[in-house]
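Novice: The primary structure of each chain is shown beneath.
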Amino acid sequence: MKLLYFAWVREKLGRGEETLDLPAEVRTARQLAAYLAARSPEYARVFGLPNSLNLAIDQEHACWDQELDAAREVAFFPPVTGG
Amino acid sequence: MKLLYFAWVREKLGRGEETLDLPAEVRTARQLAAYLAARSPEYARVFGLPNSLNLAIDQEHACWDQELDAAREVAFFPPVTGG
Amino acid sequence: MQISVQEADFDSAAEALALTSGRNDIGAVVTFEGRVRADDGLTALRLEHYPGMTEAEIARHVDAAQARWPLLGVRIIHRIGRLGPGARIVLVITAAAHRRGAFEAADFLMDYLKTRAPFWKQEQYGDDARWVDAKLSDLDTARRWQKPGQS
Amino acid sequence: MQISVQEADFDSAAEALALTSGRNDIGAVVTFEGRVRADDGLTALRLEHYPGMTEAEIARHVDAAQARWPLLGVRIIHRIGRLGPGARIVLVITAAAHRRGAFEAADFLMDYLKTRAPFWKQEQYGDDARWVDAKLSDLDTARRWQKPGQS
Chain Y
47 MKLLYFAWVR
57 EKLGRGEETL
67 DLPAEVRTAR
77 QLAAYLAARS
87 PEYARVFGLP
97 NSLNLAIDQE
107 HACWDQELDA
117 AREVAFFPPV
127 TGG
Chain S
47 MKLLYFAWVR
57 EKLGRGEETL
67 DLPAEVRTAR
77 QLAAYLAARS
87 PEYARVFGLP
97 NSLNLAIDQE
107 HACWDQELDA
117 AREVAFFPPV
127 TGG
Chain G
2 MQISVQEADF
12 DSAAEALALT
22 SGRNDIGAVV
32 TFEGRVRADD
42 GLTALRLEHY
52 PGMTEAEIAR
62 HVDAAQARWP
72 LLGVRIIHRI
82 GRLGPGARIV
92 LVITAAAHRR
102 GAFEAADFLM
112 DYLKTRAPFW
122 KQEQYGDDAR
132 WVDAKLSDLD
142 TARRWQKPGQ
152 S
Chain P
2 MQISVQEADF
12 DSAAEALALT
22 SGRNDIGAVV
32 TFEGRVRADD
42 GLTALRLEHY
52 PGMTEAEIAR
62 HVDAAQARWP
72 LLGVRIIHRI
82 GRLGPGARIV
92 LVITAAAHRR
102 GAFEAADFLM
112 DYLKTRAPFW
122 KQEQYGDDAR
132 WVDAKLSDLD
142 TARRWQKPGQ
152 S
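Chains as they are written, first to last, in our numbering: chain Y, 47 to 129; chain S, 47 to 129; chain G, 2 to 152; chain P, 2 to 152.
Take the hints with a grain of salt, since some may be wrong.
If you want a taste of the chain S side facing chain G, the calculated C-beta under 7 Å gives, among others [said to hold, decoys possible]:
{"hint": "1", "residue": "F52"}
{"hint": "2", "residue": "T65"}
{"hint": "3", "residue": "G129"}
Below, simulated BS3-like cross-link-like pairs (lysine-lysine); rule was C-alpha separation at most 25 Å, straight line [to be verified]:
{"hint": "4", "chain 1": "S", "residue 1": "K48", "chain 2": "S", "residue 2": "K58"}
{"hint": "5", "chain 1": "Y", "residue 1": "K58", "chain 2": "Y", "residue 2": "K48"}
{"hint": "6", "chain 1": "S", "residue 1": "K58", "chain 2": "G", "residue 2": "K136"}
{"hint": "7", "chain 1": "P", "residue 1": "K136", "chain 2": "Y", "residue 2": "K58"}
{"hint": "8", "chain 1": "G", "residue 1": "K136", "chain 2": "G", "residue 2": "K148"}
{"hint": "9", "chain 1": "P", "residue 1": "K136", "chain 2": "P", "residue 2": "K148"}
The set of hints was computed from the structure by calculation and includes no laboratory data. Since the structure is predicted, the reported quantities are computational estimates derived from the model, not experimental observations. Backbone N, C-alpha and C fix where the C-beta goes; we use that ideal spot for every residue, glycine too.
Given the sequences, and given the hints that come with them, work out the whole structure.
Specialist: The following block contains the structure:
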């Protein structure tokens with residue numbers, strides 16, 4: 047699965063995207079965040095408090111309890127500030 | 047006193063402005079309309095039904111029962127349709 | 002604030018530039034342009050106004066808008082005379098630090114231009130001409146801006 | 002509708018012309034331009050976005066606006082990259098027969114660009130840079146457009 051990171055999420059993780067093979071038990075966005083938080087202290091700092099993050103599944107805004115199903119890409123980012 | 051007429055008021059009266067010496071008993075805009083209505087059938091058609099007209103006293107929107115006082119000019123016109 | 006009543010056409014972009022150039026405190030610029038629609042075979046509009054009162058009445062409403070929203074610039078142009086289909090009639094530009102004030106003030110000013118500024122439109126359909134009736138819906142729209150207790 | 006996300010500056014007047022030229026059914030054109038304010042000594046903004054999602058998300062909101070108001074044209078440009086004080090950031094143009102739809106749709110689209118389109122702003126103050134926090138007031142403002150029952 048392709049993961050994308052934007053704004054300070056990208057800066058804190060030191061990368062804008064990566065591709066991971068996820069274990070079968072990671073079925074929701076919340077489970078994905080928990081899985082990522084366990085990878086390293088950097089990931090724990092970003093994904094330990096997912097309430098300050100938003101996410102998109104296949105380029106649509108999504109909720110933490112949404113199923114990943116056959117998603118091709120998941121993006122994590124702070125609340126948007128365009129306009 | 048200078049009287050000004052706009053849009054169909056001007057067309058129906060056949061003039062855009064005129065200056066009249068008003069009798070002392072014409073003290074309000076409503077009394078002025080009644081005075082004008084008595085001048086001729088053309089004026090009666092316009093000023094006999096003042097509810098379809100608006101007016102301004104010295105270039106400010108005014109009400110029919112407003113006193114003319116020392117007004118220099120009074121204008122009669124249909125509801126405005128700019129913009 | 003600058004208010005013009007004129008027969009000549011206007012250039013909205015040049016007006017917006019004049020209002021905002023060299024300023025770094027403006028975050029939002031709202032431009033409203035009104036145009037002549039060729040509904041029902043209309044061949045032209047003719048616009049008449051009350052010289053002197055028009056400018057004073059618009060200035061009063063710009064003052065009211067400036068008292069209500071923190072505006073950094075206002076420009077109003079209203080055309081008079083004969084205007085063909087597609088012609089520009091009216092321009093309102095509002096500039097502010099934030100978008101809410103700019104949007105609301107432009108909307109407010111258009112409502113008051115429609116319901117208070119002494120302009121009258123005559124529609125021409127070939128040789129036939131008729132004065133446009135005021136719309137009750139415009140009065141209702143303008144009434145949105147009244148505060149409780151105002152009539 | 003035409004949606005662009007670009008580093009290049011834009012010309013609002015040329016965009017409005019392209020949207021409306023040759024049409025006699027448009028009575029109202031509302032243009033919103035957002036600009037960089039130099040508040041508190043800001044030296045630049047840097048704007049980042051999510052390519053692909055940005056365009057799709059904006060298109061969804063333009064569709065929603067077109068379903069809600071009888072629009073005759075919509076043009077949206079959002080800039081990305083480094084923008085200095087006074088620079089244009091965002092353009093929304095709406096065209097309609099009547100002014101109410103044009104005003105409301107432009108206002109609606111700006112609220113949704115602020116709260117849903119995946120852009121992120123970083124403020125630069127000399128060598129210091131900080132990501133802009135989302136404003137709760139923007140969410141409240143966008144919520145005005147929800148119909149009863151929507152969350």
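Novice: If you check each hint against the structure, which ones fail?
Specialist: Checked against the structure, the only hint that fails is number 2, while the rest are satisfied.
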